[in-house]
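Enquirer: Spelled out, the chains give:
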Amino acid sequence: MTAKDRKVIINKDWCKGCGICVAFCPKNVLALDHHDKIEVANRDACILCGQCELRCPDFAIWLGGEADE
Amino acid sequence: MSSTLISNYFREANLPHIWCPGCSNGIVTRALVKAIDELGLDKNKVTVVSGIGCSSRAPGYLDFNTLHTTHGRALAFATGLKLANPDLEVIVITGDGDVSAIGGNHLIHAARRNINITTIVFNNNIYGMTGGQYSPTTPTHALGTTAPHGNIDKPFDITQLAAAAGATYAARTTSYHVNQLIKYIKKGIENKGFSLIEAASICPTYYGRKNKSGSAVKMMEFLRDNYIDIKAYDKLPDDKKIGKETMGEFKEITLPEYTDEYLRLIENLKGAEK
Ligand SMILES: Cc1ncc(C[n+]2csc(CCOP(=O)(O)OP(=O)(O)O)c2C)c(N)n1
Ligand code: SF4
Ligand code: SF4
Ligand code: SF4
Numbered sequence: 001m002t003a004k005d006r007k008v009i010i011n012k013d014w015c016k017g018c019g020i021c022v023a024f025c026p027k028n029v030l031a032l033d034h035h036d037k038i039e040v041a042n043r044d045a046c047i048l049c050g051q052c053e054l055r056c057p058d059f060a061i062w063l064g065g066e067a068d069e
Numbered sequence: 070m071s072s073t074l075i076s077n078y079f080r081e082a083n084l085p086h087i088w089c090p091g092c093s094n095g096i097v098t099r100a101l102v103k104a105i106d107e108l109g110l111d112k113n114k115v116t117v118v119s120g121i122g123c124s125s126r127a128p129g130y131l132d133f134n135t136l137h138t139t140h141g142r143a144l145a146f147a148t149g150l151k152l153a154n155p156d157l158e159v160i161v162i163t164g165d166g167d168v169s170a171i172g173g174n175h176l177i178h179a180a181r182r183n184i185n186i187t188t189i190v191f192n193n194n195i196y197g198m199t200g201g202q203y204s205p206t207t208p209t210h211a212l213g214t215t216a217p218h219g220n221i222d223k224p225f226d227i228t229q230l231a232a233a234a235g236a237t238y239a240a241r242t243t244s245y246h247v248n249q250l251i252k253y254i255k256k257g258i259e260n261k262g263f264s265l266i267e268a269a270s271i272c273p274t275y276y277g278r279k280n281k282s283g284s285a286v287k288m289m290e291f292l293r294d295n296y297i298d299i300k301a302y303d304k305l306p307d308d309k310k311i312g313k314e315t316m317g318e319f320k321e322i323t324l325p326e327y328t329d330e331y332l333r334l335i336e337n338l339k340g341a342e343k
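Those protein sequences? They're chains A and B, same order as listed. The opening residue of the first sequence carries number 1 in our numbering; numbering runs sequentially from there. The opening residue of the second sequence carries number 70 in our numbering; numbering runs sequentially from there.
Isolated chain A, as found in the complex (with noise of 0.2 Å):
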């Protein structure tokens, strides 16, 4: 797997809601969506930093390949 295919990707399922991924994006790539679950709100802004994936309490979002997915 190659730098560039990776990607931001994310378990709604497992998402409590608590919008620390989403605060500490440094792009504003991500939101909560209306039933407070994790979405990719701009996914063309994401520089694959993986903060997101260090600070998620609930390993819900993460940066991966397709088969992770």
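If you are wondering where the hints come from, they were derived from the structure by calculation, not from laboratory data. Keep in mind that the hints are not guaranteed to be accurate.
[Said to hold, decoys possible] Below 27 Å or equal to it, Euclidean Cα-Cα: the simulated BS3-like pairs (lysine-lysine) are: (1) A:37 / B:279; (2) A:12 / A:37; (3) B:103 / A:37; (4) B:287 / A:27; (5) B:252 / B:320; (6) B:261 / B:103; (7) B:310 / B:287; (8) A:37 / B:281; (9) B:300 / A:27; (10) B:287 / B:313; (11) B:112 / B:261; (12) A:37 / B:287; (13) A:27 / A:12; (14) A:7 / B:261; (15) B:223 / B:103; (16) A:12 / B:103; (17) B:256 / B:112; (18) A:7 / B:252; (19) A:12 / B:287; (20) B:223 / B:313; (21) B:252 / A:27.
[Said to hold, decoys possible] From chain A, some residues computed to sit far from chain B (all C-beta separations above 10 Å): (22) 5; (23) 7; (24) 28; (25) 34; (26) 35; (27) 42; (28) 43; (29) 46; (30) 47; (31) 57.
We put the CB at the ideal spot given by N, CA and C, even for glycine.
On the provided structure of chain A, position chain B with the ligands as indicated by the hints.
Expert: Frame of chain A, contents of chain B with the ligands only:
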């Protein structure tokens, strides 16, 4: 569905975990697993021991050898485990109550012996599991279920306590500064002796609500904005130190390790019999 890291090292059937929304226990647990992964440790050699508390539930989610013991006694169990099986990589997960109230004596003596155990303290400044009673790290004047008018005690600095008691590696960072946390955990595991890594943590449900600290995001911002490296802190004028907390590596030295000394003693006594 989860990342490779989670599927490799967690008991996925037990996920999602029971911790509250925004509780930093998941952040610190993942950081530990990331450190183990980066070090390339053999899963069958890693043994994670915990006491009782919200944080101490972490081993139940981890796919290593795990031992969930009694309140405050994780280090006592871990000491026995390590002496009997010196080739195991023994890691203790504990809360501030677990390690510095009921388990405080086990902490100072494990540190004094410099036994090769790595202790990760999830310090959320409160007893989370039992409903928000103050702990030995609750700040003076903060509120808890058992301190409805404000805590009059002075808090322990667990990292400096461990360092003073004899730990050969002692470091503190926060659950906001996750890359630093991973780095410190790796250094702690690699240190041949007693290591303690304190992760300043958040309990939005009890500490946060009692103290009107705001959302989990606000509590994470507090960690980001108020913890400063000990070297930078030392250079600040006194008035700028008010309200600031310290992080960084407080101790990093080499001393004889306890299991080595114990095995050497056994060998010497065998020699004496002949
Ligand atoms: C011998 C004993 N005394 C008291 C308790 C009740 N008890 C369970 S967890 C806990 C404190 C938990 O606080 P901490 O260790 O800080 O962990 P947290 O839940 O905040 O992660 C206490 C007092 C117990 N289980 N066993
Ligand atoms: S990888 Fe970085 S930029 Fe992309 S969503 Fe996560 S935090 Fe935002
Ligand atoms: S940090 Fe995790 S649990 Fe919190 S909102 Fe983001 S994805 Fe959901
Ligand atoms: S009570 Fe506090 S420490 Fe326990 S799971 Fe909830 S937020 Fe975490």
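Enquirer: So, for every hint listed, does it hold in this structure?
Expert: Verification of the supplied hints:
1. A C-alpha spacing of about 26 Å is found between residue 37 of chain A and residue 279 of chain B, which places the hinted pair at or below 27 Å, so the restraint holds.
2. Of the supplied pair hints, the one linking residue 12 of chain A and residue 37 of chain A holds, its CA atoms being roughly 6 Å apart against a limit of 27 Å.
3. With a CA separation close to 25 Å, the supplied pair residue 103 of chain B and residue 37 of chain A stays within the 27 Å bound.
4. Of the pairs offered as hints, the one joining residue 287 of chain B and residue 27 of chain A holds, with about 19 Å between alpha carbons and a cut-off of 27 Å not exceeded.
5. Between residue 252 of chain B and residue 320 of chain B, the direct Cα distance comes to roughly 15 Å. Compliance with the 27 Å bound is thereby established for this hinted pair.
6. Among the hinted pairs, residue 261 of chain B with residue 103 of chain B is consistent with the structure: their alpha-carbon atoms are about 20 Å apart, no more than 27 Å.
7. For the proposed pair residue 310 of chain B and residue 287 of chain B, the alpha carbon gap of about 21 Å is at most 27 Å, so the pair holds.
8. For the suggested pair residue 37 of chain A and residue 281 of chain B, the alpha carbons sit about 24 Å apart, so the restraint of at most 27 Å is met.
9. For the given pair, residue 300 of chain B sits about 31 Å from residue 27 of chain A by alpha-carbon distance, which is inconsistent with the 27 Å threshold.
10. This hinted pair checks out: residue 287 of chain B and residue 313 of chain B have alpha carbons roughly 16 Å apart, not beyond 27 Å.
11. Distance check on the hinted pair: residue 112 of chain B and residue 261 of chain B sit about 19 Å apart at the alpha-carbon level, within 27 Å; holds.
12. Simply put, residue 37 of chain A and residue 287 of chain B have alpha-carbon atoms about 19 Å apart, close enough for the 27 Å limit, and the pair holds.
13. A threshold of 27 Å between alpha carbons decides the hint, and for residue 27 of chain A with residue 12 of chain A the separation of about 21 Å falls inside it, so the pair holds.
14. Taking the CA atoms of residue 7 of chain A and residue 261 of chain B, the gap is near 38 Å; set against the 27 Å cutoff, the hint is violated.
15. The straight-line distance between the Cα atoms of residue 223 of chain B and residue 103 of chain B is roughly 34 Å, outside the 27 Å bound, and the hint therefore fails.
16. A distance of roughly 22 Å separates the Cα atoms of residue 12 of chain A and residue 103 of chain B; the hinted pair therefore holds under the 27 Å criterion.
17. Among the hinted pairs, residue 256 of chain B with residue 112 of chain B is consistent with the structure: their alpha-carbon atoms are about 18 Å apart, no more than 27 Å.
18. Taken as a hint, the residue 7 of chain A and residue 252 of chain B pair is honoured in the structure, with Cα atoms around 24 Å apart against an allowance of 27 Å.
19. With a CA separation close to 23 Å, the supplied pair residue 12 of chain A and residue 287 of chain B stays within the 27 Å bound.
20. About 16 Å separates the Cα atoms of residue 223 of chain B and residue 313 of chain B, which keeps this hinted pair within 27 Å; it holds.
21. Annotation: proposed proximity of residue 252 of chain B to residue 27 of chain A holds, straight-line Cα distance about 25 Å (limit 27 Å).
22. Distance check for residue 5 of chain A against chain B: the nearest CB is about 14 Å away, which clears 10 Å, and the non-interface claim stands.
23. The beta carbon of residue 7 of chain A sits about 12 Å from the closest Cβ of chain B, which is more than 10 Å, so the claim that it is off the interface holds.
24. The non-interface label for residue 28 of chain A is consistent with chain B: the shortest C-beta to C-beta separation is roughly 14 Å, beyond 10 Å.
25. No Cβ of chain B comes within 10 Å of the Cβ of residue 34 of chain A; the nearest lies about 17 Å off, and the non-interface call holds.
26. Distance check for residue 35 of chain A against chain B: the nearest CB is about 13 Å away, which clears 10 Å, and the non-interface claim stands.
27. Distance check on residue 42 of chain A: its Cβ is at least 19 Å (rounded) from any Cβ of chain B, clearing the 10 Å threshold; non-interface status holds.
28. A cut-off of 10 Å between C-beta atoms confirms that residue 43 of chain A is not in contact with chain B; the least separation is 18 Å.
29. Residue 46 of chain A, annotated as away from the interface, keeps every beta carbon of chain B farther than 10 Å; the closest lies near 16 Å.
30. Residue 47 of chain A, annotated as away from the interface, keeps every beta carbon of chain B farther than 10 Å; the closest lies near 16 Å.
31. With a least beta-carbon separation of about 3 Å from chain B, residue 57 of chain A fails to lie farther than 10 Å from that chain, contradicting its non-interface assignment.
Of the numbered hints listed earlier, those contradicted by the structure are 9, 14, 15 and 31.
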